[in-house]
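Here are the chains, one letter per residue:
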Amino acid sequence: MARTLIVGYGNPLRADDGLGWHAAQQLAERIERDDVAIVTCHQLTPELAEAVSQVDLAIFIDAACVGEPGTFRCEEIQPDSRAHVDFTHRFDTPALLACAQVLYGSCPRAVLCSIAAESFDLTEDLSNAVQAALPTLVRQVLALIA
Amino acid sequence: MARQITIEPVTRAEGHGKVTIFLDDDGYVRDAQFHVTQIRGFEKFCEGRPFYEMPSLMARICGICPVSHLVASAKACDQLMAVQIPETAEYLRRVMNLAQLIQSHALSFFHLASPDFLLGLDSDPATRNIFGLMQSHPNIARDGIMLRKFGQQIIELLGGKRIHPGWIVPGGVSEPLSVDKRDTILAMLPEAMAAIQRTLDWFKRTFDQYPEEIRTFANFPSLFMGLTNDKGELVHYEGRLRFVDATGKIVADQIEAEDYQKYIGEAVEPYSFLKFPYYKPMGYPEGIYRVGPLARLNLINFVGTPLADAEWAEFRELGRGAVLSSFHYHCARLIEILNGIERIEHILNKSDILDKNVRAYADPNRLEGVGISEAPRGTLIHHYRINEDGIITYANLIIATGHNNLAMNRGVLQVAKHFVKGDQLQEGMLNRVEAVIRAYDPCLSCSTHAVGQMPLHVELVNRDGRVVDELTR
Chain A
65 MARTLIVGYG NPLRADDGLG WHAAQQLAER IERDDVAIVT CHQLTPELAE AVSQVDLAIF
125 IDAACVGEPG TFRCEEIQPD SRAHVDFTHR FDTPALLACA QVLYGSCPRA VLCSIAAESF
185 DLTEDLSNAV QAALPTLVRQ VLALIA
Chain B
69 MARQITIEPV TRAEGHGKVT IFLDDDGYVR DAQFHVTQIR GFEKFCEGRP FYEMPSLMAR
129 ICGICPVSHL VASAKACDQL MAVQIPETAE YLRRVMNLAQ LIQSHALSFF HLASPDFLLG
189 LDSDPATRNI FGLMQSHPNI ARDGIMLRKF GQQIIELLGG KRIHPGWIVP GGVSEPLSVD
249 KRDTILAMLP EAMAAIQRTL DWFKRTFDQY PEEIRTFANF PSLFMGLTND KGELVHYEGR
309 LRFVDATGKI VADQIEAEDY QKYIGEAVEP YSFLKFPYYK PMGYPEGIYR VGPLARLNLI
369 NFVGTPLADA EWAEFRELGR GAVLSSFHYH CARLIEILNG IERIEHILNK SDILDKNVRA
429 YADPNRLEGV GISEAPRGTL IHHYRINEDG IITYANLIIA TGHNNLAMNR GVLQVAKHFV
489 KGDQLQEGML NRVEAVIRAY DPCLSCSTHA VGQMPLHVEL VNRDGRVVDE LTR
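Line by line, the protein sequences are chains A and B.
Using the numbering used here, the letters of the first sequence correspond one by one to residues 65 to 210.
Using the numbering used here, the letters of the second sequence correspond one by one to residues 69 to 541.
Don't read these hints as lab results, they were simulated from the structure.
Glycine included, C-beta positions come from ideal geometry on N, C-alpha and C.
Treat the hints loosely; a few may be bogus.
Each pair of labels, with its calculated beta carbon distance range [what the hints assert, rightly or not]:
{"hint": "1", "chain 1": "A", "residue 1": "Ala207", "chain 2": "B", "residue 2": "Tyr339", "range": "54 to 60 angstroms"}
{"hint": "2", "chain 1": "A", "residue 1": "Glu93", "chain 2": "B", "residue 2": "Lys418", "range": "35 to 41 angstroms"}
{"hint": "3", "chain 1": "B", "residue 1": "Gly234", "chain 2": "A", "residue 2": "Thr187", "range": "46 to 52 angstroms"}
So these bits of chain B aren't anywhere near chain A, every CB distance computed over 12 angstroms [claimed, not checked]:
{"hint": "4", "residue": "Leu189"}
{"hint": "5", "residue": "Gly200"}
{"hint": "6", "residue": "Glu324"}
{"hint": "7", "residue": "Leu435"}
Partial list, computed: chain B residues near chain A (C-beta under 7 angstroms) [to be verified]:
{"hint": "8", "residue": "Arg128"}
{"hint": "9", "residue": "Arg216"}
{"hint": "10", "residue": "Tyr278"}
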């Protein structure tokens with residue numbers, strides 16, 4: 065059973081929004097542990113909640129749409145069911161954690177690792193700024209699960 | 069003074085929509101219109117592309133029901149190639165189509181619609197959502213999430229990914245089913261079956277709480293259209309088109325895909341990018357018809373699986389002839405989930421389901437092809453023409469939500485006339501207007517082939533076009 069879940073999410077066809085997918089791929093090449101699961105998805109949905117509830121640590125990787133492009137951030141996330149839910153099959157991280165807590169009785173420690181995006185154009189390539197910051201993000205995630 | 073109310077965008081549905089309600093001088097509802105406000109132009113930009121790209125291209129129309137577009141598009145391409153695909157490939161396409169239907173119906177019922185039933189149509193909109201549902205009815209929320217995940221997992225097992233799998237291709241499917249995958253899916257069935265049976269048992273008991281909504285939610289005579297086979301069975305992949313009237317009488321039957329334009333016309337109105345399909349023999353707008361789960365259960369002779377057949381018999385007691393209230397789309401959706409689970413089990417236990425021969429190969433042999441399937445929301449038509457090099461020269465898509473456009477407009481008017489009083493907007497009124505649209509589970513991204521979300525905006529405008537009241541969320 066995985067004790068850590070890494071979720072890279074975003075749209076891999078929209079430049080820096082694909083950060084989570086690029087990071088997940090690099091992490092998958094470096095991590096060979098049965099207790100770490102890595103998944104990619106376009107957006108966070110309620111279907112992820114059960115898997116989140118079953119781990120000790122959840123690491124979310126996403127592009128940030130604010131901030132100086134290339135800026136890396138790593139922050140602890142708390143559950144919050146007051147998050148934006150009018151489009152009810154897409155969650156943000158606090159809402160997903162709240163869903164795990166309420167429905168499945170457990171919410172892990174959760175961390176959001178992000179890099180401020182420069183571009184959301186139609187391409188599968190990251191911008192130079194985000195590409196340059198990606199190794200920092202990968203190192204940080206590896207340190208979190210060490 | 070005559071006034072106008074606009075609801076824009078409508079919430080808990082797929083895509084951008086807007087509702088305008090016109091009031092007369094005395095504050096009574098005079099008319100109502102449901103607008104779809106974007107266009108993407110898939111039919112145009114696919115011109116010039118090779119026909120074999122169509123399934124993958126067209127699947128991008130929607131992130132909720134890409135499999136439906138894959139199926140209809142691949143069927144149209146099969147026609148262009150003039151091939152009969154291997155039987156096992158057809159079984160496997162059916163399984164994926166049913167998995168798509170289950171996950172989409174679960175999303176519609178549990179995530180989008182059930183907060184209205186469980187928390188109340190007049191409850192606080194800030195908590196009338198899936199989080200409110202989780203707090204008040206966690207067991208039902210868990211069942212909903214599980215059923216959606218069940219459908220998504222089957223799609224992922226078969227196609228390699230949950231959204232936009234490329235596994236359904238012209239001529240069949242790209243890869244046969246493995247023993248492990250089959251057994252994994254079979255092992256998931258009992259939990260899904262238990263969840264849908266629990267949900268049906270609960271939901272049927274709630275009907276007496278909503279007599280006014282059942283009476284007024286798009287409850288009117290219309291035609292109903294969908295696919296059925298020559299036995300009149302509930303089908304979602306194969307079969308031919310059938311129309312029945314409000315009494316349940318068949319008015320047209322066994323219509324071949326390539327003949328759809330003899331029966332279906334497409335009108336346009338200046339207030340919406342969504343076309344208004346109609347039954348040609350009756351003309352526009354008299355030829356109003358509905359598609360989707362309610363229509364499918366109204367037009368068949370039987371379902372074809374034992375548990376769903378028992379539910380269907382009970383369902384048909386809700387109306388004389390056809391069941392006319394669009395409120396009952398919700399119940400029809402649950403019965404179709406039940407049928408889908410039964411069907412998947414039946415198909416996966418076929419002796420030749422693991423056959424390795426799952427794809428026919430051919431160059432184009434016809435210059436025109438039409439593929440029709442039943443998407444979760446109703447009948448989906450993909451119609452292509454190609455030149456001799458296999459390049460698309462024409463594409464026409466008629467999407468389930470488009471078929472229902474006339475009926476949604478009439479439903480909005482019926483609900484507005486019943487619930488909207490005077491010129492001051494109230495939340496419960498606004499939610500009921502949305503709820504009647506939600507009953508159809510419209511996918512506006514699909515219907516205009518447009519991307520978007522669907523929050524809500526209501527405007528009250530006088531005869532001169534001046535906004536005199538407004539609500540937004």
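Outcome of range test on Cβ distance (A/Glu93, B/Lys418; 35 to 41 angstroms):
holds, 40 angstroms
Reported absence of B/Gly200 from the contact zone with chain A (all CB gaps over 12 angstroms)
Check fails; 9 angstroms does not lie beyond 12 angstroms.
Note whether the CB distance of A/Ala207 and B/Tyr339 lies within 54 to 60 angstroms or breaks it.
holds, 57 angstroms
Once the shortest beta carbon distance from B/Tyr278 to chain A is found, is it less than 7 angstroms?
violated, 21 angstroms
Holds or violated: 46 to 52 angstroms for the Cβ distance of B/Gly234 and A/Thr187?
violated, 20 angstroms
For B/Glu324, which was marked as not at the interface, is the minimum beta-carbon distance to chain A over 12 angstroms?
holds, 36 angstroms
Interface hint for B/Arg216, Cβ within 7 angstroms of any Cβ on chain A
The hint holds - B/Arg216 has a Cβ within 7 angstroms of chain A, the shortest such distance being about 6 angstroms.
Would the hint on B/Arg128 be counted as holding, given a Cβ-Cβ threshold of 7 angstroms to chain A?
violated, 10 angstroms
Confirm or reject: B/Leu435 is not an interface residue toward chain A, with every Cβ-Cβ distance exceeding 12 angstroms.
It holds; B/Leu435 is separated from chain A by about 32 angstroms at its closest Cβ, greater than 12 angstroms.
Find the nearest Cβ of chain A to the Cβ of B/Leu189 and say whether that gap is larger than 12 angstroms.
holds, 16 angstroms
When held up to the earlier numbered hints, the structure conflicts with 3, 5, 8, 10 and fits the remainder.
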